[in-house]
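S.K.: What follows is each chain in one-letter form.
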Amino acid sequence: MSIGSPDSTVGVEEHPASAEPVRAASVAHGKSPTRIAMDRLRKDKLAMVCVGIILFFILVAVFAPLLAKLEGQTFSAFHTDLVDEFGFPTTGPNSQHWLGVEPKTGRDNFARWVYGARPSLIVAFSATLFGTAVGVVAGLLAGFLGGWTDRIISWIIDFVLSLPYLLFAIALVPIVESMRGGSFNLTPEEQASTRFYVLIFVLSFFGWAGLARIIRGEVLSLREREFVLAAKAIGVPTRQVLFKELLPNLVAPIVISASLSLPAYVTAEAGLSFLGVGLVEPVPSWGQTIAVATNWFKADPIFLWLPVLGITALVLSMALLGDAVRDAFDPKTRR
Amino acid sequence: MLYFVARRLVSALSVVLVTLIATFTLFFVAPTDPAAAICGDRNCTQQRYNEIKRNLHLDRPKVQQFAEYTAGIFAGRTFETAGVKQKCPAPCLGFSFKNDRPVYETLKTRLPVTVSLVAGYAVLVLTIGVFVGSLAAKRRGTMGDRALMTSTLVLSSIPYYIVALMISLYLTILYPILPRSGYTPLTENPGKWVAGLLTPWLVLGIYNCTQYARFSRGSMVETLSEDFIRTARAKGLSDRVVTYKHALRSGLIPVVTIFGLDIAGSLAGAIFTEKIFDLPGLGNLVIDSLNNYDLPVIMGTVLVASVFLVMMNFIVDIAYSLIDPRVRLA
Numbered sequence: 017m018s019i020g021s022p023d024s025t026v027g028v029e030e031h032p033a034s035a036e037p038v039r040a041a042s043v044a045h046g047k048s049p050t051r052i053a054m055d056r057l058r059k060d061k062l063a064m065v066c067v068g069i070i071l072f073f074i075l076v077a078v079f080a081p082l083l084a085k086l087e088g089q090t091f092s093a094f095h096t097d098l099v100d101e102f103g104f105p106t107t108g109p110n111s112q113h114w115l116g117v118e119p120k121t122g123r124d125n126f127a128r129w130v131y132g133a134r135p136s137l138i139v140a141f142s143a144t145l146f147g148t149a150v151g152v153v154a155g156l157l158a159g160f161l162g163g164w165t166d167r168i169i170s171w172i173i174d175f176v177l178s179l180p181y182l183l184f185a186i187a188l189v190p191i192v193e194s195m196r197g198g199s200f201n202l203t204p205e206e207q208a209s210t211r212f213y214v215l216i217f218v219l220s221f222f223g224w225a226g227l228a229r230i231i232r233g234e235v236l237s238l239r240e241r242e243f244v245l246a247a248k249a250i251g252v253p254t255r256q257v258l259f260k261e262l263l264p265n266l267v268a269p270i271v272i273s274a275s276l277s278l279p280a281y282v283t284a285e286a287g288l289s290f291l292g293v294g295l296v297e298p299v300p301s302w303g304q305t306i307a308v309a310t311n312w313f314k315a316d317p318i319f320l321w322l323p324v325l326g327i328t329a330l331v332l333s334m335a336l337l338g339d340a341v342r343d344a345f346d347p348k349t350r351r
Numbered sequence: 005m006l007y008f009v010a011r012r013l014v015s016a017l018s019v020v021l022v023t024l025i026a027t028f029t030l031f032f033v034a035p036t037d038p039a040a041a042i043c044g045d046r047n048c049t050q051q052r053y054n055e056i057k058r059n060l061h062l063d064r065p066k067v068q069q070f071a072e073y074t075a076g077i078f079a080g081r082t083f084e085t086a087g088v089k090q091k092c093p094a095p096c097l098g099f100s101f102k103n104d105r106p107v108y109e110t111l112k113t114r115l116p117v118t119v120s121l122v123a124g125y126a127v128l129v130l131t132i133g134v135f136v137g138s139l140a141a142k143r144r145g146t147m148g149d150r151a152l153m154t155s156t157l158v159l160s161s162i163p164y165y166i167v168a169l170m171i172s173l174y175l176t177i178l179y180p181i182l183p184r185s186g187y188t189p190l191t192e193n194p195g196k197w198v199a200g201l202l203t204p205w206l207v208l209g210i211y212n213c214t215q216y217a218r219f220s221r222g223s224m225v226e227t228l229s230e231d232f233i234r235t236a237r238a239k240g241l242s243d244r245v246v247t248y249k250h251a252l253r254s255g256l257i258p259v260v261t262i263f264g265l266d267i268a269g270s271l272a273g274a275i276f277t278e279k280i281f282d283l284p285g286l287g288n289l290v291i292d293s294l295n296n297y298d299l300p301v302i303m304g305t306v307l308v309a310s311v312f313l314v315m316m317n318f319i320v321d322i323a324y325s326l327i328d329p330r331v332r333l334a
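Sequence lines, in order, name chains A and B. In my numbering, each residue's number is its place in the first sequence (first place is 1) plus 16. In my numbering, each residue's number is its place in the second sequence (first place is 1) plus 4.
Chain B on its own, in the form it takes in the complex (with noise of 0.2 Å):
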């Protein structure tokens, strides 16, 4: 066990250091000019542009300019601008070309967003999905369950943002059946927290939730015509246990799998929903810096999304193998 563990670590890192190292060679070795793009394009002289390259160190030679980010990442950095110092403290990302601020600064600010909208979301998905799919297996081949999976496939074939888009035009604003979407601190006040985030979560919860409940009704039909199911069925139990207490436990096992992926790829994958309903979140964040060819925040965005998704496909992988003692360890 441990050497599973050990080795799925050693493989996480080795992902995490690849993308650090490919991000950065794409914002800074490849020929794109930070300095350039700082400066702006009118009243930019030469002097002005080859401060900011060397206040940013972008003169130095690119392998020092990596370990400076890397160093930064862990350690911090200060930063020189005009003889006044800047210090950006521990997780640096950089300084933001647009408002100077450090990236992971306003990353802080932005993720309360993002992560509020994913947690509704996936207490929505899971309940409605799973609940909806074990329905479905249990009733299988029925009418009920033929048009519940011909509608989820239909809806699920919809381009997402499309569903979003006009949910939130024609039952917001013009007929304003639901809630209009924003955002309130949860410390701050939760029943407009609950009432600016209810339309996102709803939109996104039931679109998504067709794919759990395809997903968990075929495994709760695979689950509910094993040997242990008869079993329980013959030891009297009521349907109600045998479904939900016997057959869900292990269906559900799969399910998680993607549970866990799904909601690391939709804390950085929330862009559309944040971007139709106006929600100020990572998402949005990323859309606005590039608008604004804000590079820093762009590739910190990046980064930290792509440690988020790594480490959750590791803990998947470990979850995994401790729920269903059937996965070998190799």
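Looking at chain A on its own, in the form it has when it is part of the complex (with noise of 0.2 Å):
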């Protein structure tokens, strides 16, 4: 027999039937770890699932306009014929307000909770793409580099998630203002301007450093790789080892982390909306729909419900997701 024979061809010659298996695990062995991972999570089918309710809310978000032109209405139009003296609606959803209007003001439900889509999504974007950014930038440079940099990076780290975020978060918000020349003179749309890209910076300056802490753990153990000392025995630049052969290993953890921040941030923004530190009028945002809708939820409930299912679905469909695109890309944590 020639098992164990350098020669390998001689051992297919004699058993012609082996030569099938060898070429069917070789092939097998040809797919990336991402493709991998994708192949798993597409036969998730409660994770496909929860891709469609969030593509549907990107489809909202992004038709926004269109869906209110379709329905006739704006989302910042008063219909105070519409309201009673004391400010309750005196229509239900009817063919011209499809969802009914607010109470007070009158102004178009549908139209309001479609254009509500938009900045729970781009806050949320945006933060997990500068929080991965900055994150991932860091953490390379810390493991990698090490020395002072990596000490002065950990400390960093250290120091921001040692931060009470939320409370920083309502602090940030006055300051950033009157750095703008105070709330007093700044109009309504300047503030709410204001606000929206102080959230987008709250968010990220305090998401970035779970993930650069988990990305310098790796780097610290990748870079002892024959891999990534060959690289460097030959001579390749620093920045290229980083983003060339260090960053196409950290796929995992940094896909992971940020469809694990995606729900965290859009019920971040919507709970700093609430508390009347996030978004403000006259911007339409569910967060801040929900804090007005309480006061009236027992004489108006579709006011009320209307935002909530809207955060509840997308920021259950995306944590759902987060935890399945978690289980594809390392099947260790599901026991």
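The hints are simulated quantities; they were obtained by calculation from the structure and are not laboratory data. Hints are supplied without guarantee of correctness; some may be wrong.
[Stated by the list, open to error] Beyond 10 Å from chain A on every Cβ pair, some chain B residues (computed): (1) H61; (2) R143; (3) G186; (4) L190; (5) V260; (6) N295; (7) A323.
[Unchecked claim] Examples of chain A residues lying across from chain B (beta carbon under 7 Å, computed): (8) F175; (9) L183; (10) A187; (11) P190; (12) I191; (13) T283; (14) V324; (15) L325; (16) A335.
We put the beta carbon where it would ideally sit given N, CA and C, even for glycine.
Two independent chains are provided; combine them into the complex using the hints.
M.R.: This is the structure in structure tokens:
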């Protein structure tokens, strides 16, 4: 028998039947870890349902003006004729206002709901983008360069993680506003746009540190591996080692972290708006609508339930998808 | 050991110091104008504006202001307003812009509310969470375990404030199944204290125990497959003694870690609970101060909360190395 002989073709010739499985196995090995994870994810029915729901909300957000036009209403037009003297809406859902109107102002519920999906998604996606970018770069630098760079970055990570994030988010809002001239001097539009950027800044500022810590840990073990040593030995510049050699090996933690932080950011945005520190009028946002609607929940439950269902469905499907993504990329977590 | 404690202490103190500098910079060095904020928009004459600036020492160099603020925290300081001296005793965090009371005094009246809330929550979350988690770990793989874990995953994926708000609106106001929330000091009327805090405790506890359940389940699953558990079983100990005396003890170590951090975090982060259930704690204070642009109060609360978090981090680190001898003290 020729098992263990360096010339493997001898064995294949002797046992032609065994050639088949060997080739099949090599095909399976050709898949990248990302491909394998994506295949695993595609088989997860719950994850696919979640993808569908998230896509639905993205489409609603993208086509918000079109949907509002289809209904024939805008999100900002007041219909004071549709509310009585106490502010209660006099009409329920009808062909003109598909989901009824707001109490007090009489603005169209449907139009405000479809527009409300926009800030949630924009804030969440941009915060994830910035947070992930900063976290990856900081983690790569700390882990790969070591020494003082590592010490300083690690200290900053510890510092950021030990700050009470909700309190800081609340504290930052009046400060940034007064930098722009104080909330008394800002027009509502200016105030709303300021709040928008403050939110993205705060969320990404507190979001990068966790990922940076994970990436640093991974890089610490990766940088001792042969392929990195080889790259360094043949004189590949540091930047190329970081982004061409190390980064592709970090896809799993990055994807997992991003998919878990998306629902967290949607939750945080709506939560801060609910507390009155996030988005403000005239930007329609679900969190802020919930805060107003709690005063009307007995008389006008639709007004409350629309944003509540919107946030719950979006966050729930994002979180479950994030969980499925983690299982797909890191099967060890599923026991 | 001593070296480890000292090193952690230095690192904790450095974080506190930087937090102090960062909050001070944010509030007083950034192009904000506290004097204008106090003075208000209407009938603010230049003279009054200058007077406020002088009284709060805002016209002095920033470094000196910072030194005075820091010194005030340890030694107290005196402000002079229109000839009247106002003393701000030892942990001086400045005066509120809104009601001219020392910030520390306001914090002291609000703290018991938040502490009561967190204390009850801590008891609930630890008992329910760990019990459910170890139960699930023992029956790993059964229908009950899977149902429990799925439901905890779904529940913890819904934003907390939505759950709390819906329960508050529908179960305490519209259909009063649970008692209406409110705060009565414990020393005044213990019965009312419990009744007023019961709903927030339950909501906080049940929502957050899902994470504890998942966490302690994972930890217990690992512990139950260890050799010393097999030894205990081989000795003929009863199932209950093995699970709750031998396994739980070592399985709880990681749970204790997140518990410490969670408690510190919820002292600062009980904002949603306090807002929704209308409890006059620290979180509500911050929101009120935000609406009044009361910067010293916000700054004081942020500072106190940060110090508390750092302290808790430090304690957990030390406790962790004490409980688990495998943790390397380096």
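S.K.: Please name the hints from earlier in the document that this structure breaks, with their numbers sorted from lowest to highest.
M.R.: 6, 15
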